[in-house]
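Kindly generate the complete structure, drawing on both the sequences and the hints.
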Amino acid sequence: MRGLATALVNGLLAGAAMITLLPLVWMLSVSLMSPGEASTFPPPLLPSQATLDNYRQLFAHVGMGRYVVNSALLTTTVTLVSLLFNVAAGYAFAKLRFAGRDRIFRLLLAALVIPSQVAMVPLFLLLKHLGLVNTYGGVIVPAMASIFGIFVVRQYALSVPDDLLEAARIDGANEFRIFRSVIVPVLRPIVVTLAVFTSLGTWNEFMWPLIVLNDSDLYTLPVALASLSREHVQDNELMMAGAVLTTLPVLLVFLVLQRHYIQGLTLGSVKE
Amino acid sequence: MRIAGAAWCFVTPALLVIGVFFFLPVVAALALSLTDFDIYALADLRNLRVVGLRNYLQLLQTPLFWQAFANTLYFVIVGVPLSITASLGAALLLHSRLARFPAFFRTALFAPVVTTLVAVAVIWRYLFNPRYGLLNYALGGLGLSPIDWLGDPRWAMPAIIVFAIWKNFGYNMIIFLAGLQSIPEPLYEAARIDGASTWRQFRHVTLPMLAPIVSLVNVLTIAGYFQLFAEPYVMTQGGPLQSTVSVLYFMYEEGFKWWNLGSASAVAFVLFLVIFGVTVVQLRLARWEHAA
Chain A
1 MRGLATALVN GLLAGAAMIT LLPLVWMLSV SLMSPGEAST FPPPLLPSQA TLDNYRQLFA
61 HVGMGRYVVN SALLTTTVTL VSLLFNVAAG YAFAKLRFAG RDRIFRLLLA ALVIPSQVAM
121 VPLFLLLKHL GLVNTYGGVI VPAMASIFGI FVVRQYALSV PDDLLEAARI DGANEFRIFR
181 SVIVPVLRPI VVTLAVFTSL GTWNEFMWPL IVLNDSDLYT LPVALASLSR EHVQDNELMM
241 AGAVLTTLPV LLVFLVLQRH YIQGLTLGSV KE
Chain B
1001 MRIAGAAWCF VTPALLVIGV FFFLPVVAAL ALSLTDFDIY ALADLRNLRV VGLRNYLQLL
1061 QTPLFWQAFA NTLYFVIVGV PLSITASLGA ALLLHSRLAR FPAFFRTALF APVVTTLVAV
1121 AVIWRYLFNP RYGLLNYALG GLGLSPIDWL GDPRWAMPAI IVFAIWKNFG YNMIIFLAGL
1181 QSIPEPLYEA ARIDGASTWR QFRHVTLPML APIVSLVNVL TIAGYFQLFA EPYVMTQGGP
1241 LQSTVSVLYF MYEEGFKWWN LGSASAVAFV LFLVIFGVTV VQLRLARWEH AA
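Chains A and B supply the protein sequences, listed in that same order. FYI, the numbering for the first sequence is 1 to 272, going by the working numbering. FYI, the numbering for the second sequence is 1001 to 1292, going by the working numbering.
By construction, these hints were calculated from the structure, which means they are not laboratory data. Some hints here could point you the wrong way.
Footprint (simulated), chain B over chain A, 3 or more residues, beta carbon under 8 angstroms [what the hints assert, rightly or not]:
| id | stretch |
| --- | --- |
| 1 | 70-79 |
| 2 | 96-107 |
| 3 | 166-179 |
| 4 | 188-195 |
| 5 | 236-245 |
Here the structure is a predicted model, which is why all the values come from computation and not from measurement. Yeah, the Cβ is synthetic: ideal placement off N, Cα and C, and Gly gets one too.
Given below as structure tokens:
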């Protein structure tokens, strides 16, 4: 009876893992096939002769290198700047007293129910007015702080003991010094978690970059891939190579740092 | 006093960004939705006129808007329960003491969540290919006739739902798993001493203890599924026969393809009000159930 139950549980888990992983493994396999090889029936599982031609063509003729650089640049900048702003604000909301603090924080929380798309049309006009449409700034500037980021940092910072701050103040450290040398080290776990969250989210972001970047030289990988896949509907092998380049970096980052990512999920239980 | 001054230095950059690039646009969206802002106003603001509720009234008379709304509802009503069931099922399997290698399986089942939506949509478009796709190959193996997944208006939305569940279920799975792990073991021991079967333990211990998390997950997942956009953009471009045009897809085309920015803002606001209304009703229901 118990043996049967064990077999059932593990069989179901193995089946589910097959379903989640097979498309990803197959993407990798098709990306190594020569043109046209995947458009046969029955669908081949492995390339008859593995080749990197698709990747070569993506970099040589489709300008994929440019998109990789754009994505990397935007992800790094957004992550660094938003971490600085969110961590500072989250800490202040948790541990420092100032007039209107709780009212402002409640307002921010309430605004979490507003889908970001509501702001998109006026945001586009505002950025156009500021000359930021069709520049990196159009993606970076609105993402420099997030309510979600402030929220998770505040929740974590609430557990920092006041004595720690008092001791540093008695030693004569000013508030900025305390933030840099006492608070940031204590908040390290949540900073790492938020960094992983923000960077993966920025890398994967689609709708806003699609709207604000018109010049294909500025495209991020997801925007470029969506546009290429509309042009190259038949070139399955080429598109799979593009999909690998787009999604493999985030998968690898996740595999290395998954502990932090999953912590963040259960900590906030709030969608970005 | 010195502390308050420093505190303002800490919060001001973030509040400024959120205020100028989120709160201001949200308020502006409401104002914009009451104007006829279009490509002429984009060129010269003097062409802008205030039209009151005309955008909203016009939307109600636009068949494609209603179709987009119906498509989105279909996606939410069918997709969310299936997705949450898959998440709960997977979490229960992972939580089971019988599971071997739970860490490996957790990572494997969660992997689609972190992938780039556009990239995996490209993969699935190929899996759904009526001639060469693995899905129809598998159907053939089961003796079923092939389906034109993305080319048949009856099947396109179900195909997108299948894809969305594959992509998303791992997210709620992790939240359910954390919930399951926080249920105190003595509750199960007491149930076992009373002779409760596994099913009765699930029914009378697990489910009630998990109920608050389920209702939270419900609210968040429904709000998320209402925001369907990239899947139809990449996989079907709204087709065939507009069977996968979602509200946001409609808003995107209205605003950034036809440059009817006033009307697009009205669409965004309608979507927001619907999500908000559904959320409020759900929270009320949850509280009412709790009290009962």
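Verification of the supplied hints:
Against chain B, the stretch 70-79 of chain A contributes 0 residues with a C-beta closer than 8 angstroms to a partner C-beta. That does not satisfy the three-residue criterion, and the hint is violated. Closer than 8 angstroms: that is the beta-carbon criterion, and the stretch 96-107 of chain A has 6 residues meeting it against chain B, so the requirement of 3 holds. Only residues whose beta carbon comes within less than 8 angstroms of a beta carbon in chain B count, and the stretch 166-179 of chain A has 4; three or more means the coverage holds. A count of 0 residues in the stretch 188-195 of chain A with a Cβ less than 8 angstroms from any Cβ of chain B is obtained; the coverage claim is therefore unmet, three being the minimum.
Coverage of the stretch 236-245 of chain A by chain B holds. Counting CB-CB distances below 8 angstroms, 6 residues qualify, and the rule asks for three or more.
When held up to the earlier numbered hints, the structure conflicts with 1, 4 and fits the remainder.
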